[in-house]
Each structure stands twice: as C-alpha cells, then as structure tokens.
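A.B. asks: Each chain, letter by letter, is given below.
There are 2 protein chains.
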Amino acid sequence: MADENIIYVGKKPTMNYVLAVVTQFNNDANRITIKARGKAISKAVDIAEITKRKFLQTVTYEKITLNTETLEGERGTSNVSSIEITLAK
Amino acid sequence: MADENIIYVGKKPTMNYVLAVVTQFNNDANRITIKARGKAISKAVDIAEITKRKFLQTVTYEKITLNTETLEGERGTSNVSSIEITLAK
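Taken in sequence, the protein lines are chains L and U. Just so we're aligned, residue 72 is where the first sequence starts under my numbering, counting upward by one. Just so we're aligned, residue 72 is where the second sequence starts under my numbering, counting upward by one.
Incorrect hints may have been included.
Remember, identical chains collapse to one label, so a pair may be satisfied in a single copy or spanning two.
Subject to a maximum C-alpha distance of 27 Å in a straight line, what follows is the list of computed DSSO-like cross-link-like pairs (lysine-lysine) [said to hold, decoys possible]:
1. Lys83 with Lys134
2. Lys106 with Lys125
3. Lys125 with Lys160
None of these hints come from the bench; they were simulated from the model.
Produce the complete structure using the sequences and hints provided.
C.D. replies: Laid out in structure tokens, this is it:
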C-alpha cells in the first residue's frame, strides 16, 4: 500500500500538493508518483523540485515518464500530454 | 556537432519548435535536447510528444532531467523549475 501513492495535480496551489507529498513520505510512503496533464505539467515539476530542494533532500527521481492521453469530449477527442514523476526515498 | 543540438522553448507556437526538432533530426542530428523553464515546461512536453507520435516514431526518450535554476532579477533572486528532454534516434 505504501508504495502505491499517487498525487494528481489540479488547480489547487502548488504548496498544497507539496504538503501532500511531504506528509505521505512522513507517513511511511517509500515512493510517490505525481501525475499531471496539459498546463498542470509545469506545476508538477515545481511540486517535485520544491519537495526535493526545500523539504526532503534525500528523495530522488526514480522515474520520469511522458505520455499522450486521448480525452473524449462533447466535440470529439483531443490529445493532451501528461507526465508522471516518481519520487523515492 | 550533430550530437550537440539544443532547442530552447520560448513563446513561439508549439509547432514551430516541433518543426525545428524534426528538421534537425532530418539533417543528421542523432540527439536533440529540448530545454524549458517555468510555464514553458508543459510546452516542452507537448513538443517532445508531438515529435514522437506524429513525425518520428522511432525516436526515444534518452533522458529527462528536472532541475531548479536561480534567476537574478532587479528585485533579488527567484527560483524557477526547468526540464531537459533528450530525444535520440
């Protein structure tokens, strides 16, 4: 369970997500994956970098994956880029 | 020389950068690094994904690096996240 932590980045302030990541690591998570799509990708990178530099210097990037997801909308489908950043301690 | 291609992502439309990447690969580059900071990070991921999915399916992600850069401004320093995406064929 402790290895299955996923945080989805949305419209909340960056520091809310940083706090969530730090809290989960302090609650015995060994690995956390930050997922974001579209314009939230920049925020996901901020979250990962702030976590590493300001809070948990021993955490490392285990894996960074880029992908394209297809969204079904009322007017057909559209593609959006996504990122998955896995941090491990 | 052909291994030292760097593309800096700025305010131009995404497809301008995609075209630059595709052109450089077609001009015998074996490896291209896309660099971006701050909000341009999302655009860098779009550029890489569009290049891979629509134009050069044989290209792979060789390396993805996240970092924090310190910018010197008139009102002191500020930190900004950055990404480097290296595509190789």
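A.B. asks: Take the hints in turn and mark each one as holding or not.
C.D. replies: Okay, the hints, checked on the actual structure:
no.	hint	in the structure
1	Lys83 with Lys134	within (24 Å within a copy, 29 Å between copies)
2	Lys106 with Lys125	both (20 Å within a copy, 23 Å between copies)
3	Lys125 with Lys160	within (15 Å within a copy, 36 Å between copies)
Checked against the numbered hints above, the structure breaks none of them.
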